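Going left to right, the sequence shown walks through residues 51 to 122 as this note's numbering numbers them.
Source of the hints: derived by calculation from the structure; they are not laboratory data. These numbers were taken from a predicted model, which means no experiment stands behind them. Ideal placement from N, C-alpha and C gives every residue a C-beta, glycine not left out. It is possible that some hints are incorrect.
Derived Cβ-Cβ restraints for the label pairs, each shown as a range [what the hints assert, rightly or not]:
no., residue 1, residue 2, range
1, Leu91, His60, 52 to 60 Å
2, Val89, Ser110, 32 to 40 Å
3, Leu102, Trp122, 29 to 37 Å
4, His60, Val89, 27 to 35 Å
5, Val89, Ser67, 46 to 54 Å
6, Thr93, Gly113, 31 to 39 Å
7, Trp122, Val89, 47 to 55 Å
8, Val116, Glu87, 40 to 48 Å
9, Ser88, Phe114, 34 to 42 Å
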Amino acid sequence: MTVYHRIPAHEPPVPASPPTETPECESSTCAGISTPESVELHTAWPGWIPLLVIAVLVVSCAGFAVGRIAGW
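Generate coordinates for the entire structure from the input sequences, incorporating the hints supplied.
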């Protein structure tokens with residue numbers, strides 16, 4: 051058994067009036083579900099530790115690159 055669906059030739063025109071304003075309670079999909087960040091997270095790492103990790107990574111990559119070039 052085959053079912054045939056007719057596809058409309060054209061869609062009805064969109065009204066020219068501006069849309070109504072979204073109510074404040076529906077203005078955001080995440081409204082009211084955010085939780086404040088705990089104070090412990092602000093002091094979890096001292097500021098110099100991430101900088102030290104980045105510096106070690108940069109020095110390692112630079113050393114590897116220089117070693118590859120020097121070995122060529």
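Hint check:
| no. | hint | result |
| --- | --- | --- |
| 1 | Leu91 / His60: 52 to 60 Å | 56 Å, holds |
| 2 | Val89 / Ser110: 32 to 40 Å | 34 Å, holds |
| 3 | Leu102 / Trp122: 29 to 37 Å | 31 Å, holds |
| 4 | His60 / Val89: 27 to 35 Å | 60 Å, violated |
| 5 | Val89 / Ser67: 46 to 54 Å | 49 Å, holds |
| 6 | Thr93 / Gly113: 31 to 39 Å | 33 Å, holds |
| 7 | Trp122 / Val89: 47 to 55 Å | 52 Å, holds |
| 8 | Val116 / Glu87: 40 to 48 Å | 41 Å, holds |
| 9 | Ser88 / Phe114: 34 to 42 Å | 39 Å, holds |
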